[in-house]
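Chains A and B, in that order, give the protein sequences. Numbering-wise (the UniProt record's numbering), the first sequence opens with residue 1 and increments by one. Numbering-wise (the UniProt record's numbering), the second sequence opens with residue 1 and increments by one.
These aren't lab readings, by the way, just hints derived from the structure by calculation. All of these numbers come straight from a predicted model, not from anything done at the bench. Treat the hints with care, since some could be wrong.
[To be verified] Computed cross-link-like contacts, EDC-like style, restricted to lysine to aspartate or glutamate with a CA-CA straight-line distance of at most 16 Å:
id, chain 1, residue 1, chain 2, residue 2
1, B, Lys322, A, Glu157
2, A, Lys163, B, Glu326
3, B, Lys316, B, Glu222
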Amino acid sequence: MEEIKMPKLGESVTEGTIEKWLVSPGDTVEEYDPICEVISDKVTAEVPSVFAGTIKELIAQEGDTIEVGGVICTIETEGGSASSETPSVDKKEDVESVAAPTKEAAVEEKSEGASEETKHVTQQVEKPENARISPVVMRLASENNVDLNQVSGTGFEGRITKKDILKFIEEGPKSAPVQEEPKAPETTTTEKAAPTQTASAPSAGEEIPVAGVRKAIAAKMVQSSTEIPHAWLMMEVDATNLVKVRTHHKESFKKKEGFNLTFFSFFVKAVAEAVKEYPIMNSSWQGDKIIVNKDINVSIAVAGDDKLYVPVIKNADDLSIKGVAKQVSELANLGRNHKLTSAHMSGGTITVNNTGAFGSIQSMGIINHPQAAILQVESIVKRPVIIDGMIAQRDMVNLCLSIDHRILDGLVAGNFLKLVKEKIENMSIESSSIY
Amino acid sequence: MAKMTYLQAITDALDYEMGKDENVFIFGEDVGYKGGVFGVTVGLQEKYGKWRCLDSPLAESNIVGMCLGAAMMGKRPVAEIQFAEYILPATNQILNEAAKIRYRSNGDWNAPMVIRAPFGGGIHGALYHSQSIETIFASTPGLKVVIPSSPADAKGLLISAIRDNDPVLFFEHKKAYRLLKEEVPEGEHTVEIGKADVKREGDDITIITYGLMVNYALQAAERLKEVGYEAEIVDLRTVYPLDKETIINATKKTGKVLLVTEDNLEGSIMSEVSAIIGENCLYDLDAPIMRLAGPDVPAMPYSPPMEDFFMVNPEKIYDKMKELAEH
Numbered sequence: 001m002e003e004i005k006m007p008k009l010g011e012s013v014t015e016g017t018i019e020k021w022l023v024s025p026g027d028t029v030e031e032y033d034p035i036c037e038v039i040s041d042k043v044t045a046e047v048p049s050v051f052a053g054t055i056k057e058l059i060a061q062e063g064d065t066i067e068v069g070g071v072i073c074t075i076e077t078e079g080g081s082a083s084s085e086t087p088s089v090d091k092k093e094d095v096e097s098v099a100a101p102t103k104e105a106a107v108e109e110k111s112e113g114a115s116e117e118t119k120h121v122t123q124q125v126e127k128p129e130n131a132r133i134s135p136v137v138m139r140l141a142s143e144n145n146v147d148l149n150q151v152s153g154t155g156f157e158g159r160i161t162k163k164d165i166l167k168f169i170e171e172g173p174k175s176a177p178v179q180e181e182p183k184a185p186e187t188t189t190t191e192k193a194a195p196t197q198t199a200s201a202p203s204a205g206e207e208i209p210v211a212g213v214r215k216a217i218a219a220k221m222v223q224s225s226t227e228i229p230h231a232w233l234m235m236e237v238d239a240t241n242l243v244k245v246r247t248h249h250k251e252s253f254k255k256k257e258g259f260n261l262t263f264f265s266f267f268v269k270a271v272a273e274a275v276k277e278y279p280i281m282n283s284s285w286q287g288d289k290i291i292v293n294k295d296i297n298v299s300i301a302v303a304g305d306d307k308l309y310v311p312v313i314k315n316a317d318d319l320s321i322k323g324v325a326k327q328v329s330e331l332a333n334l335g336r337n338h339k340l341t342s343a344h345m346s347g348g349t350i351t352v353n354n355t356g357a358f359g360s361i362q363s364m365g366i367i368n369h370p371q372a373a374i375l376q377v378e379s380i381v382k383r384p385v386i387i388d389g390m391i392a393q394r395d396m397v398n399l400c401l402s403i404d405h406r407i408l409d410g411l412v413a414g415n416f417l418k419l420v421k422e423k424i425e426n427m428s429i430e431s432s433s434i435y
Numbered sequence: 001m002a003k004m005t006y007l008q009a010i011t012d013a014l015d016y017e018m019g020k021d022e023n024v025f026i027f028g029e030d031v032g033y034k035g036g037v038f039g040v041t042v043g044l045q046e047k048y049g050k051w052r053c054l055d056s057p058l059a060e061s062n063i064v065g066m067c068l069g070a071a072m073m074g075k076r077p078v079a080e081i082q083f084a085e086y087i088l089p090a091t092n093q094i095l096n097e098a099a100k101i102r103y104r105s106n107g108d109w110n111a112p113m114v115i116r117a118p119f120g121g122g123i124h125g126a127l128y129h130s131q132s133i134e135t136i137f138a139s140t141p142g143l144k145v146v147i148p149s150s151p152a153d154a155k156g157l158l159i160s161a162i163r164d165n166d167p168v169l170f171f172e173h174k175k176a177y178r179l180l181k182e183e184v185p186e187g188e189h190t191v192e193i194g195k196a197d198v199k200r201e202g203d204d205i206t207i208i209t210y211g212l213m214v215n216y217a218l219q220a221a222e223r224l225k226e227v228g229y230e231a232e233i234v235d236l237r238t239v240y241p242l243d244k245e246t247i248i249n250a251t252k253k254t255g256k257v258l259l260v261t262e263d264n265l266e267g268s269i270m271s272e273v274s275a276i277i278g279e280n281c282l283y284d285l286d287a288p289i290m291r292l293a294g295p296d297v298p299a300m301p302y303s304p305p306m307e308d309f310f311m312v313n314p315e316k317i318y319d320k321m322k323e324l325a326e327h
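Using the sequences plus the hints, can you model the full thing?
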């Protein structure tokens, strides 16, 4: 008998939630057959079986969040029963599996494992991503079995201090709002919390449990907006020429290619080209260094019902406008049908967001961590504009750029945005190629 | 109890011990008729006679060597070196002879002597009158190096030093002489050598320091209190051998330590304190060990702005404390 463990779904991923089991106990599976869907960090991925055999027991239930490496199910492999009888080294290492109700586990082995288990458990401390944990905080966390993700830090850049964790251990996980003041009297948090609960709350309607993709989105947004010092720029762009170009090709393109030539594709292309000139826009803050990415992979936001996906157009600078439009169309379709996988969503280096699609004319985007910038393409609207002392009717669009101010300053961001603006404004039917 | 300056407390200790034990005598440049350049021994020659408070030639090796011989013969000499940096001609007598005589003679001989010397900067004394030289002696087993930070400690530690049966180096901070004033117990008053003292309780950060810096750290801590942090301040009092237990306990209490000395940073007393913390407190540390010290340049400059740049002061300590508290 073999165990299937939660795979590591990405570099920074530490756990995954079982969204749906695709197999039941007794089912026969081949190696690489999908056995369940797992959600993590905006990604839904199918977990393939690493063995051929018969599913024995589903240890993790749908909705359970399992750490990477945790056993999710067991599988009876063909001809593997003989070897599984002898306790393998692998099992001894993973004490939890020894303690699990497997028939093979001998009594002797169990008692031996027990003392080891307590040791093992206290050592298993969740270390928040990218966090600087001091030795004393790590020790206190393991001695008291504290999940450090639950502790809010008041130290430099939100670091968890010794006092934070001592307070957490004393008061429990309930009260932990981030305190802005260096040191507030202990009583304020509880006093503040009390009236909000007793005060006449609006009558409760539907309760939506926060789980799965929504939870992942929330965590990512909090991370982005707390870690990254955002700065915003907006530029007004005259898209009259763009509208002309697009109108010119629109019908024939749809007929020939079978998908729409969207305005959005022109913007993605323009951004990819502009990034080539300002590669720093395509970078990532890594604490002690800034990584400037070589590939220009444009993340785009795709909404599907109540979920938000951010698939990636890889090497967007290599593609023609048609190539971009095709990818946008395909990714949007996959998104609407919830078929996007982690492969579709990883590797983005800068994000372009089509906020104009729902009529927005101005917005302040939250950067897609760990990227350095997000550009919001707003609605194209007809407006009177003064050109050469005369009022003209023009198609205007706002481009809203959010930047990571640790990496980018206003000057480079402004130059970048101006270049995108020029590329859009200088389009013409004669000179701008779709193919 | 009477209010005394740091200087008066030292005079009081000498006076008390000389009155109590006729083996105690003072030997140094200008200590007799003049009463010392700072006036520490004023009146003692008059009171105890010229054989109990003697002027020496301008030769530090002679001062220490003569005192060492007298100590081995049963006297309890108190040598005065006019400024700490002038002790260097006597290092052979101190390091090779006084420190090792008990070991070398297998316990047959010992040297119950004290060497007093004013040290430290901030008094526009420039190169020859501002140095901290404690580290020269703080790695020699057989010696004790004592640096009081307050008038009461100065009296208590000096009496203990005179009564100690082995050589004790007693460094007095020049700037503290007339700056610090407090109630000092009259008559008998001793402070144990080798014991550090918690001068202020706090639970956010721990400051470990000695000498004048203790007073500066206390001033900074009062300011830090206004922004919501409480500093624990440990006064080492004896910088060799160190009171490891107090250092370790004070570190464990907050997990955040700032080590302050006015000496040059590299190879200072704080380097050793830092090593003790590193060896014993790793799993209690909540922040990297921080040190605040003078820069690694040859000497304290004479120019007042440059002296301010070199010298650790309450403002610099406050800034570092705050940085550590907010870590």
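Evaluated hints:
For the proposed pair lysine 322 of chain B and glutamate 157 of chain A, the alpha carbon gap of about 15 Å is at most 16 Å, so the pair holds. Restraint check: the Cα-Cα separation between lysine 163 of chain A and glutamate 326 of chain B comes to about 12 Å, which is no more than 16 Å; the hinted pair holds. Simply put, lysine 316 of chain B and glutamate 222 of chain B have alpha-carbon atoms about 14 Å apart, close enough for the 16 Å limit, and the pair holds.
When held up to the earlier numbered hints, the structure conflicts with none and fits them all.
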